[in-house]
Amino acid sequence: GQQVMQIPQYQHVQEGEDFTTYCNSSTTLSNIQWYKQRPGGHPVFLIQLVKSGEVKKQKRLTFQFGEAKKNSSLHITATQTTDVGTYFCADLTGTASKLTFGTGTRLQVTL
Amino acid sequence: DTEVTQTPKHLVMGMTNKKSLKCEQHMGHRAMYWYKQKAKKPPELMFVYSYEKLSINESVPSRFSPECPNSSLLNLHLHALQPEDSALYLCASSPRTSGIIGELFFGEGSRLTVL
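These protein sequence lines are chains A and B, in that order. Position 15 of the first sequence, counting from 1, maps to 1271 under the numbering used here, and the rest follow consecutively. Position 5 of the second sequence, counting from 1, maps to 260 under the numbering used here, and the rest follow consecutively.
One chain only, chain B, in its complex shape:
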């Protein structure tokens, strides 16, 4: 079991749809992350939030829009996605926001399929 909860576990959407992925943690962590993982590849960093502010955006296309409403929640809003965006989207959190940040706690992921 993981202490980072992601919903939904699976999502199928068309290219014109708008959907959101949600992530929640109650460990008091102040850094939260979105990673994208394609099959047989390593996770790739997309966004980092530090104290609810966006601190890193890895040149992610604007069809992905992150949001951090509070210290426990992280959303990823999806709009006008492409089939190549199909992947496993992983949320993670860490105890510290800088320096040696400590381990990342990952959620189980949301598997996204774009038709």
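This is chain A alone, in the form it adopts within the complex:
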């Protein structure tokens, strides 16, 4: 079945540095959602991207959907310790209501 890969698997940054995670698929994605899961917590919805080339911003977070709808990215500017967690992209493709999570990128931020 389709697998959505994310890179990197893990990144450790110092507070104030930028961070980017990439979500890649071999097939065309229908729409992409992004979730954040804090350590010991549950996934929390961040955003949904539907259109080719779409760019959305939420404060320090910038989300992009590729022109060919085969990739997406999440960029965090000037990371803070509150950004610690695992970031998952999730694809809603194929069967209705089937949201498949990417492999995830774990972000660690230290002072």
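Treat the hints with caution; some may be incorrect.
As the list claims (entries may be wrong) - Which chain B residues stay away from chain A? Per the calculated CB distances, all over 12 Å, these:
#, residue
1, Thr262
2, His281
3, Phe319
4, Ser320
As the list claims (entries may be wrong) - Simulated coverage check for chain A against chain B, where a stretch passes if three residues somewhere in it have a Cβ under 8 Å from a Cβ of chain B:
#, segment
5, 1294-1307
6, 1355-1363
Since the hints were derived computationally from the structure, they do not count as laboratory data. Positions of the beta carbon are idealized from the N, C-alpha and C atoms, including for glycine.
Position chain B against the provided structure of chain A, taking the given hints into account.
Same frame as chain A, but now just chain B:
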């Protein structure tokens, strides 16, 4: 805080036990989901209920039995589990059941340990 409530938060059971996980939401959502998450892995879809009917079963072993008694409740009945079934079980709901379903609202999860 989450608007999807899961109980119990922690469960330890033997391989011969029968137990149930419960999930409740009062947001009027008509789609509800069970996901399984192992440590350092993404959530994996198990079941989807749409308007209280099972619409997706991701080839889950029959020792896991879902039930949706009404639009607000979702149960997962467990019987004769294996130690490898130990995981975090996440319940979620979404406003729509098809097309662009909108965000999934997750509960805090039930952490299951099978001895």
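Assertion that B/Ser320 lies outside the chain A interface [Cβ separation over 12 Å]: holds, 20 Å
Verdict on B/Thr262 as a residue remote from chain A, using beta-carbon distances over 12 Å: Holds: least Cβ distance 14 Å, greater than 12 Å.
8 Å C-beta criterion, at least three residues: is the segment 1294-1307 of chain A covered by chain B: This one holds; 7 residues, not fewer than the three required, reach chain B with a Cβ under 8 Å.
Whether B/Phe319 stays farther than 12 Å from all C-beta atoms of chain A, as the label says: With a cut-off of 12 Å, B/Phe319 remains clear of chain A, as the shortest Cβ separation is near 17 Å.
Assertion that B/His281 lies outside the chain A interface [Cβ separation over 12 Å]: Nearest chain A Cβ is 18 Å from B/His281, so the label holds.
8 Å C-beta test of the segment 1355-1363 of chain A against chain B, three or more residues: holds (count 7)
Every hint, counting from the list given before, is met by this structure.
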